[in-house]
Amino acid sequence: MSVSQPRVTTKVVVATTVMLSFISFWRAAAIVLNDMASTAYYIGGISETAVGKSAPWFVLAVMLFSYAVRALYIESCGMFVRGGVYRIVREALGDTLAKFSVSALMFDYVLTGPISGVTAGLYLGGLINETAEWRHWEGVHVDPPTSAMFFAVIATLYFWRKNTIGITESSQKALRIMQVTTVMVVILVTWCLITIAKNGYQPVPFPNLETLKFGDESLGWLKGTFAPSITFLAILIGLGHSLLAMSGEESMAQVYREIGHPKLKNLEKAGFVIFLYSMIFTCLVSFFAVMIIPDGARGKYLDNLIGGLSVYLVGPPLLKILFHAFVVLAGTMILSGAVNTSIIGSNGVLNRVAEDGVMPDWFRHPHSKFGTTSRIINLVVILQIATIVISRGNVYMLGEAYAFGVMWSFTMMALSVTVWRFKHPHGREWKVPLNFRAGGVELPIGLFLITLILASLATVNLLTKKTATIAGASFTMAFFVVFMASERYNRRRGGRHSGESEKFRIEVSEDPELIAVDARPGNVMVMVRNPNNLRHLEKVLEKTDSRKLDIVVLSVRHLHQGAGEYALEPDQIFGDDETLLFSKVVSLAEKAGKPVKLLAVPGIDVNLTAAEIAQRIQSARIVTGLSGLRNVDEQARMFGKAWENLAQPRPSLSLEIVGGEGLSRFYNLGPHPPRLWPEDVELAHKLWLDLSEDFGAKLHHRDVIGVALRRMSEDLESGRKVDVRNDLRAELSQAHAEPPMDAPAN
Amino acid sequence: MTIVPKSGSISRRPPREPGKLHVNVVCTTPEATRNALREAGRLAGNLDAQICLIAAQTVPYPLPLGRPDVPVEFTLDWLVGLAGEVNQAVRIVVTLCRDRNQAVLEQIRPGELVVIGHTAGWWRSDSLRLGDWLGEQGISVVYAAH
Numbered sequence: 001m002s003v004s005q006p007r008v009t010t011k012v013v014v015a016t017t018v019m020l021s022f023i024s025f026w027r028a029a030a031i032v033l034n035d036m037a038s039t040a041y042y043i044g045g046i047s048e049t050a051v052g053k054s055a056p057w058f059v060l061a062v063m064l065f066s067y068a069v070r071a072l073y074i075e076s077c078g079m080f081v082r083g084g085v086y087r088i089v090r091e092a093l094g095d096t097l098a099k100f101s102v103s104a105l106m107f108d109y110v111l112t113g114p115i116s117g118v119t120a121g122l123y124l125g126g127l128i129n130e131t132a133e134w135r136h137w138e139g140v141h142v143d144p145p146t147s148a149m150f151f152a153v154i155a156t157l158y159f160w161r162k163n164t165i166g167i168t169e170s171s172q173k174a175l176r177i178m179q180v181t182t183v184m185v186v187i188l189v190t191w192c193l194i195t196i197a198k199n200g201y202q203p204v205p206f207p208n209l210e211t212l213k214f215g216d217e218s219l220g221w222l223k224g225t226f227a228p229s230i231t232f233l234a235i236l237i238g239l240g241h242s243l244l245a246m247s248g249e250e251s252m253a254q255v256y257r258e259i260g261h262p263k264l265k266n267l268e269k270a271g272f273v274i275f276l277y278s279m280i281f282t283c284l285v286s287f288f289a290v291m292i293i294p295d296g297a298r299g300k301y302l303d304n305l306i307g308g309l310s311v312y313l314v315g316p317p318l319l320k321i322l323f324h325a326f327v328v329l330a331g332t333m334i335l336s337g338a339v340n341t342s343i344i345g346s347n348g349v350l351n352r353v354a355e356d357g358v359m360p361d362w363f364r365h366p367h368s369k370f371g372t373t374s375r376i377i378n379l380v381v382i383l384q385i386a387t388i389v390i391s392r393g394n395v396y397m398l399g400e401a402y403a404f405g406v407m408w409s410f411t412m413m414a415l416s417v418t419v420w421r422f423k424h425p426h427g428r429e430w431k432v433p434l435n436f437r438a439g440g441v442e443l444p445i446g447l448f449l450i451t452l453i454l455a456s457l458a459t460v461n462l463l464t465k466k467t468a469t470i471a472g473a474s475f476t477m478a479f480f481v482v483f484m485a486s487e488r489y490n491r492r493r494g495g496r497h498s499g500e501s502e503k504f505r506i507e508v509s510e511d512p513e514l515i516a517v518d519a520r521p522g523n524v525m526v527m528v529r530n531p532n533n534l535r536h537l538e539k540v541l542e543k544t545d546s547r548k549l550d551i552v553v554l555s556v557r558h559l560h561q562g563a564g565e566y567a568l569e570p571d572q573i574f575g576d577d578e579t580l581l582f583s584k585v586v587s588l589a590e591k592a593g594k595p596v597k598l599l600a601v602p603g604i605d606v607n608l609t610a611a612e613i614a615q616r617i618q619s620a621r622i623v624t625g626l627s628g629l630r631n632v633d634e635q636a637r638m639f640g641k642a643w644e645n646l647a648q649p650r651p652s653l654s655l656e657i658v659g660g661e662g663l664s665r666f667y668n669l670g671p672h673p674p675r676l677w678p679e680d681v682e683l684a685h686k687l688w689l690d691l692s693e694d695f696g697a698k699l700h701h702r703d704v705i706g707v708a709l710r711r712m713s714e715d716l717e718s719g720r721k722v723d724v725r726n727d728l729r730a731e732l733s734q735a736h737a738e739p740p741m742d743a744p745a746n
Numbered sequence: 001m002t003i004v005p006k007s008g009s010i011s012r013r014p015p016r017e018p019g020k021l022h023v024n025v026v027c028t029t030p031e032a033t034r035n036a037l038r039e040a041g042r043l044a045g046n047l048d049a050q051i052c053l054i055a056a057q058t059v060p061y062p063l064p065l066g067r068p069d070v071p072v073e074f075t076l077d078w079l080v081g082l083a084g085e086v087n088q089a090v091r092i093v094v095t096l097c098r099d100r101n102q103a104v105l106e107q108i109r110p111g112e113l114v115v116i117g118h119t120a121g122w123w124r125s126d127s128l129r130l131g132d133w134l135g136e137q138g139i140s141v142v143y144a145a146h
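Chains A and B are the protein sequences, given in the same order. Each residue of the first sequence is one higher than the last, beginning at 1 in the working numbering. Each residue of the second sequence is one higher than the last, beginning at 1 in the working numbering.
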């Protein structure tokens, strides 16, 4: 393209999506633990109410099993299916089961708020009564379940308001809350150990048919049958009542997109931290409660187990009350956070399914003043308050019901990941261990076992938890019917709903000199065009340390001659094709855990436009994929020609062309020292040796080559031009070995 | 994420005009932001500076970063209205983020001025805490109280 041709880079569009700021595995673990650790406040009591004094062993077993469930989530995250549980289950098991799964997840979310709010209220009530007793305040006594119910309603209303306005808190709070909770856990564990050392302890009986004491409501429809007398089934029942201990594990899927590079390794580390922390906290609370609180008194504290522990620790009463207050403070923070998360999570899930057309659009109407989807928030909060009032502050009842949602969400996820193994056996970055091959087919034994255990526990829970089964099934069915009806209605209306493309907002700059890509000089510019051919971008993401070098991804919309007569509208520059392309780009960047900067521009000559942009944003390297139309050298030559058309001063640029195998060839654009053939190096050296006899040490190889080049230039100007051309033709016809890919080419 | 509105009375200014001073206004509460914008308008008028209104919209973790609880278009509409009250060109930047402080800091360049509005009260407001934190990062902060 000649310089005089019209330039159409008059409008620059910066496609911007979210600011991909990746987090460390510590922060990721803190966010998940905010959900998981809250369980420690109530699971010990719920479990003991159901199965008796041997409950801590069941909690321990569930926490150990959570390590396997963690593996399940790591594999599902590694598949990188966008769109959460609904998308994963739909891809694996179909629409109907996906709707069932989301309905169960909604039940889980709706119950998370009430159980957390009520537990916080119970702890608060316990503290008030404890303080009143210690200070001998006559008449000061609260009924813990009633006060818990009121507290939970107030907390829910508070977060309803916050969510309606729009949450503004920084996520830094998750880390702070976990720091406070960790201090509390360290003090608690140390103090409990001192107490045990001083006062001794009560043994925690290992579960068997003699030690298992099923409560009145813990056998459900199995009461009076022979089933609980079979040890295996009795153990399953016990595990089913303790399964809540690992609720919150699913939050790992929420933070995966945000974890920094190396993503999967960091997710594994985060998973391990989560496992270790939650196991220590949850299990020790359950064990210490049985070991320290006398049997006769423990029943009083089953709703408020850590509070009860603080009462029976050794030490002065004032110190114990202060610690009790600290326990309540940490608990209120972490449990209130869970109330908030449940509203945000439900809102997010329902918004997501509404986007897929399985919720009436009416729900998504934004609040006129605050812009939030207040109708969804209202629906969730109404359901939560109704649940709190119906439960009348009974945390055991809430826990049993909550387990229904948690259990079925886990089971559906496990089933989906297992089915995915067969549907898409390749391209996984990580797999749940224990895979064997038989007859060319991989048998994911580990996955089978996890799914089998979860499905067995879910089935046992269905039979042993009457209220939970009736409430959970009714709720799930109600949501399921709404989803089905809405989808049918929306389909009949012919409504189109968005797929999994990113929502890009665009910043338009009319002035090509002022491109709003804030990339540091020396950045790597990656040219993209085909969403199915992004191997070169993957390679750049893999090899580039994004802390030192920025990665700019450029798409040039090719315009035909004359198209520059009228300026393009932003939507024409950034259309559906670019949305799809950049969605893939963002997905790859997230997968690699490295940020990228996006840029879309129109141009008649794609290479020239790219070179111009590279010049403006001071790129050091341009990376592109192998063209299907030209061979690699020809592709580089065309780019080199474009470089020659750049305005002075032309930058020093290197071009990397990446083939389908991920192998690269590198080219230096513009004037650069040539890479000589070995025989030419040999010849230059021989000439230098011969001539240095006459000229001495002053003569260098460069002088020999300089004279040779100048003589060639003179020959080209003179009548010997034809001879020079013939020599060159002969040179090119010599069979020099092609430089391999992954090597400099010139 | 940086966004410039496509319509409205706000000029689509590029990120930074070379050689021109920039006054950044950090979006907090509606009233405080209005105050801060007025103050920024006064300062920018005297200094022939450009005003940049920065709104860091925190997205809670249960939601994907690209899908905030309040749609960006809604935030923009509100900001456009707010910026329209100032008789100067205002560039609006909305950043979807997990950490507000970091997101605000990323939008400010060394040596630039930041105006933060705040409401006087019994408690140390969130705006003041943000301002103090920015100050610790070496940013010059002006408070616009009301």
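Errors might be hidden in some of the hints.
[Claimed, not checked] Derived, one-sided and incomplete: chain A residues facing chain B with beta-carbon distance under 10 Å: (1) I23; (2) S24; (3) N129; (4) E133; (5) G166; (6) R176; (7) H261; (8) P262; (9) L264; (10) S346; (11) H367; (12) F370; (13) T372; (14) T373; (15) N435; (16) L588.
[To be verified] Residues on chain B that point at chain A, a partial pick, calculated with CB under 10 Å: (17) R34; (18) Y61; (19) E73; (20) D77; (21) G81; (22) W123; (23) R124; (24) L128.
None of these hints come from the bench; they were simulated from the model. Glycine is no exception: its CB is placed at the ideal position from the N, C-alpha and C atoms.
Right, here's what the structure says about each hint:
The beta carbon of I23/A is positioned within 10 Å of a beta carbon in chain B (closest approach about 7 Å), and the interface hint is therefore held. Against a cut-off of 10 Å between C-beta atoms, the interface hint on S24/A is violated, since the closest Cβ of chain B lies about 12 Å away. Because the closest C-beta pair between N129/A and chain B is about 30 Å apart, greater than 10 Å, the hint is violated. Interface restraint check: E133/A against chain B, minimum CB-CB distance 33 Å, threshold 10 Å, status violated.
Of the supplied interface hints, the one on G166/A holds, with its beta-carbon coming within about 4 Å of a beta-carbon of chain B, less than 10 Å. Checking R176/A against chain B: minimum C-beta separation of about 12 Å lies over 10 Å; hint violated. Hint status for H261/A relative to chain B: violated, with the closest Cβ pair at about 17 Å, above 10 Å. Checking P262/A against chain B: minimum C-beta separation of about 20 Å lies over 10 Å; hint violated.
Interface hint status for L264/A: violated, as the beta-carbon distance to the closest one in chain B is roughly 19 Å, over 10 Å. Here the hint on S346/A is kept, as its CB sits about 9 Å from the closest CB of chain B, short of 10 Å. Because the smallest distance between the Cβ of H367/A and any Cβ of chain B comes to about 9 Å, under 10 Å, the interface hint for this residue holds. Hint on F370/A holds. Least Cβ distance to chain B is approximately 7 Å, under the 10 Å limit.
Checking T372/A against chain B by beta carbon gives a least distance of about 5 Å; that is within 10 Å, so the hint holds. The interface hint given for T373/A holds, since its Cβ lies 7 Å from the closest Cβ of chain B, which is under the 10 Å cut-off. Annotation: interface hint on N435/A violated; nearest CB of chain B at approximately 31 Å, more than 10 Å. Interface restraint check: L588/A against chain B, minimum CB-CB distance 15 Å, threshold 10 Å, status violated.
Because the closest C-beta pair between R34/B and chain A is about 16 Å apart, greater than 10 Å, the hint is violated. Nearest Cβ of chain A to the Cβ of Y61/B: about 5 Å, under the 10 Å cut. The hint holds. At its closest, the beta carbon of E73/B sits 8 Å from a beta carbon of chain A; the interface hint therefore holds under the 10 Å criterion. At about 8 Å, the closest approach between the beta carbon of D77/B and any beta carbon in chain A falls short of 10 Å, and the interface hint on this residue holds.
Hint on G81/B is violated. Least Cβ distance to chain A is approximately 13 Å, over the 10 Å limit. Given hint, W123/B at the interface with chain A, is violated; its Cβ is 15 Å from that chain's nearest Cβ, farther than 10 Å. Here the hint on R124/B is broken, as its CB sits about 16 Å from the closest CB of chain A, past 10 Å. About 15 Å separates the beta-carbon of L128/B from the nearest beta-carbon of chain A, more than 10 Å, and the hint is not met.
In this structure, the hints that do not hold are numbers 2, 3, 4, 6, 7, 8, 9, 15, 16, 17, 21, 22, 23, 24, in rising order.
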